[in-house]
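Novice: Take a look at the letters that make up each chain.
Protein chains: 2
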Amino acid sequence: MKKITVKSPANIAFIKYWGQTKLNLYIPRNNNISMTLSNCQTITTIVRDPKLKEDIIEIQKGDKYSPLLKDTHKGKNAYDQINRIRKMSKSKDKVHIRSKNSFPSDAGIASSASGFSALTGALLLAFDQKKIFDDKKEFSKEVRLCGSASAARSIYGGFVELKTGNSHDESYAIQIGDEKHWDLVDIVAIVSQEKKKTSTSQGHAAVDSSPYYKMRLIEMQPRIKTTREAIRKKNIRKLGAATEEDTISLHIVMMTSKPPAYYWEPGTIAVMKSVIDCREQEGLQSYFSIDAGANVHVICEKKDAKEIEKKLKKIPLVKSTIYNEPCEGTHEITKHLF
Amino acid sequence: MKKITVKSPANIAFIKYWGQTKLNLYIPRNNNISMTLSNCQTITTIVRDPKLKEDIIEIQKGDKYSPLLKDTHKGKNAYDQINRIRKMSKSKDKVHIRSKNSFPSDAGIASSASGFSALTGALLLAFDQKKIFDDKKEFSKEVRLCGSASAARSIYGGFVELKTGNSHDESYAIQIGDEKHWDLVDIVAIVSQEKKKTSTSQGHAAVDSSPYYKMRLIEMQPRIKTTREAIRKKNIRKLGAATEEDTISLHIVMMTSKPPAYYWEPGTIAVMKSVIDCREQEGLQSYFSIDAGANVHVICEKKDAKEIEKKLKKIPLVKSTIYNEPCEGTHEITKHLF
Chain E
1 MKKITVKSPA
11 NIAFIKYWGQ
21 TKLNLYIPRN
31 NNISMTLSNC
41 QTITTIVRDP
51 KLKEDIIEIQ
61 KGDKYSPLLK
71 DTHKGKNAYD
81 QINRIRKMSK
91 SKDKVHIRSK
101 NSFPSDAGIA
111 SSASGFSALT
121 GALLLAFDQK
131 KIFDDKKEFS
141 KEVRLCGSAS
151 AARSIYGGFV
161 ELKTGNSHDE
171 SYAIQIGDEK
181 HWDLVDIVAI
191 VSQEKKKTST
201 SQGHAAVDSS
211 PYYKMRLIEM
221 QPRIKTTREA
231 IRKKNIRKLG
241 AATEEDTISL
251 HIVMMTSKPP
261 AYYWEPGTIA
271 VMKSVIDCRE
281 QEGLQSYFSI
291 DAGANVHVIC
301 EKKDAKEIEK
311 KLKKIPLVKS
321 TIYNEPCEGT
331 HEITKHLF
Chain F
1 MKKITVKSPA
11 NIAFIKYWGQ
21 TKLNLYIPRN
31 NNISMTLSNC
41 QTITTIVRDP
51 KLKEDIIEIQ
61 KGDKYSPLLK
71 DTHKGKNAYD
81 QINRIRKMSK
91 SKDKVHIRSK
101 NSFPSDAGIA
111 SSASGFSALT
121 GALLLAFDQK
131 KIFDDKKEFS
141 KEVRLCGSAS
151 AARSIYGGFV
161 ELKTGNSHDE
171 SYAIQIGDEK
181 HWDLVDIVAI
191 VSQEKKKTST
201 SQGHAAVDSS
211 PYYKMRLIEM
221 QPRIKTTREA
231 IRKKNIRKLG
241 AATEEDTISL
251 HIVMMTSKPP
261 AYYWEPGTIA
271 VMKSVIDCRE
281 QEGLQSYFSI
291 DAGANVHVIC
301 EKKDAKEIEK
311 KLKKIPLVKS
321 TIYNEPCEGT
331 HEITKHLF
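These protein sequence lines map, in sequence, to chains E and F.
Mapping of the first sequence onto the UniProt record's numbering: position 157 corresponds to residue 157, and the numbering continues sequentially without gaps.
Mapping of the second sequence onto the UniProt record's numbering: position 95 corresponds to residue 95, and the numbering continues sequentially without gaps.
Only chain E is shown next, with the shape it has when bound in the complex:
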């Protein structure tokens, strides 16, 4: 039984998506743009085994692997993805899957993007869908259907845009620049490792209860264009300003949804303010970005990264940092997990 192993990065969205159209298709309500993260990777090994009675997904927790439970939100999506892709190959083979993250687990970094893109890639290769795996447009659409549309951005290396659309065929990822395009760095400042109170999927479902959500969709359109151009032209100031605006705009919708979701922690504010001070007082071009969580991604150019990381580590509420450069998207590797 041939083993297949796939490696895939998480990503940080400069333009975030929040809210979906056609819930079952996970089409994001707005175009969203991200960068892959070299030090936040998932590795997934899969084997098809006709003798198995049930699919098994094991994920690394601490030193050992534990089964991913089917009755969790993530578990349901993962086992559904197996069934969907197995159907394509008209096979009835069950699979054994093991998955681990190269970055500190429980660090409060969304691992859905790396996890679901690696899972989908492994499944496509195991079930003889290499043609789809190699056609990144089709691949990204398959990833999107796993329930974490952000994962679709991880299949390309570097800088990627996931398009919204009115149908399954219209919503897919495209590459803006590959991993060598721009020496950009994302230093994640970990300020909380606690499980968040409102899950991302609960958040997506609540967007329409915010009186500010419709305005977000309108006011963000020029920002999407600016971000795309800033990446193409490697303009850190324009990218940074757009990134911070988009973060605030996202958290505004979250904080005004019913019930409100407050993801920020004291350390979040400490890092935001430090980044602004750093920029305004020392001219160091660094910018914050915050996903649906408390930890802060600090975006800068490689030439400034060391100094900025040093400053971040000095903030008392920062527990640790993870340094990331843009990296390759989802790809096959030869070293298996079992």
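Keep in mind the hints are simulated off the structure, nothing from the lab.
Just so it is clear, CB atoms sit at the ideal spot from N, CA and C, and this is done for glycine as well.
Accuracy of the hints is not assured; some may be wrong.
What the hints assert, rightly or not - Far from chain E by the CB rule (all over 12 Å, computed), these chain F residues:
(1) Gln60
(2) Asp63
(3) His168
As the list claims (entries may be wrong) - Just so you have them, the derived chain F footprint on chain E, three or more residues with Cβ under 8 Å:
(4) 212 to 219
(5) 267 to 280
Based on these hints, arrange chain F on the given structure of chain E.
Specialist: Same frame as chain E, but now just chain F:
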């Protein structure tokens, strides 16, 4: 030369105002509702002195009084207010004014409300305008013109609404319930004593640059009604929910103005989260409110106040607390400052 002394409280707005129509008239763009604060008071003594060559305003700083400089924003507004009210009496007398706060100065509590209401009251009495001082509608309009419209809410005791309007005559304060109406408490959690980066007046001027400001004015209208009714019916849950919503809505506008103003500090978030946890896990009815600054006002009923204050004092980022009950509005007292 007769001395006159006036005492006036600061207030906390459950519904805040942000942005003005007719800038020179300081008419707030929305109705706003507040409670007077028993332990945040300004005392102002005034004497008319025909022998004086210039007006003198002295404010207490530490152990001594220092002149209020004319070229500061507050100074300009204060000396303008003297000229305005002196004109009413057709007098040419100069005045000597001393003013001190009963609450810790430099505590980051907006003292404009108590300061300007006390100043205006003292001026009206000194310049023979007792009729206006006694007619609170007229008095509130005079206070509004001093440049800090929030100060107009301090002239009534207890629970007060300042109305917006299309002209000077339409914008004045009315009382919803006096200081004995409801045993409500406001515990101010001091988390920062630093001078804020964006002044309140800069903030007011920038509102239209926020893409979310127009929506704030729309979505807050039912909240104004709810707040008024919640005060009348002494419904802490309704008042609290509305108060928190209004705080978030205000800070959204600030954070999306150009340039953005981030007033929150790490301690701000720590108190907000503690208040929510306290409520959700222990059923203690406490709610947060944050003005254009970092400090958090925690609103609760008197029966819960001791327990809540104890909890607030335990938060490492909280430096001190100030306990307030609703109190009398601007009034004359007999003990002079000099």
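Novice: Against the earlier hints, flag every one the structure doesn't satisfy and list their numbers going up.
Specialist: Every hint satisfied by this model.
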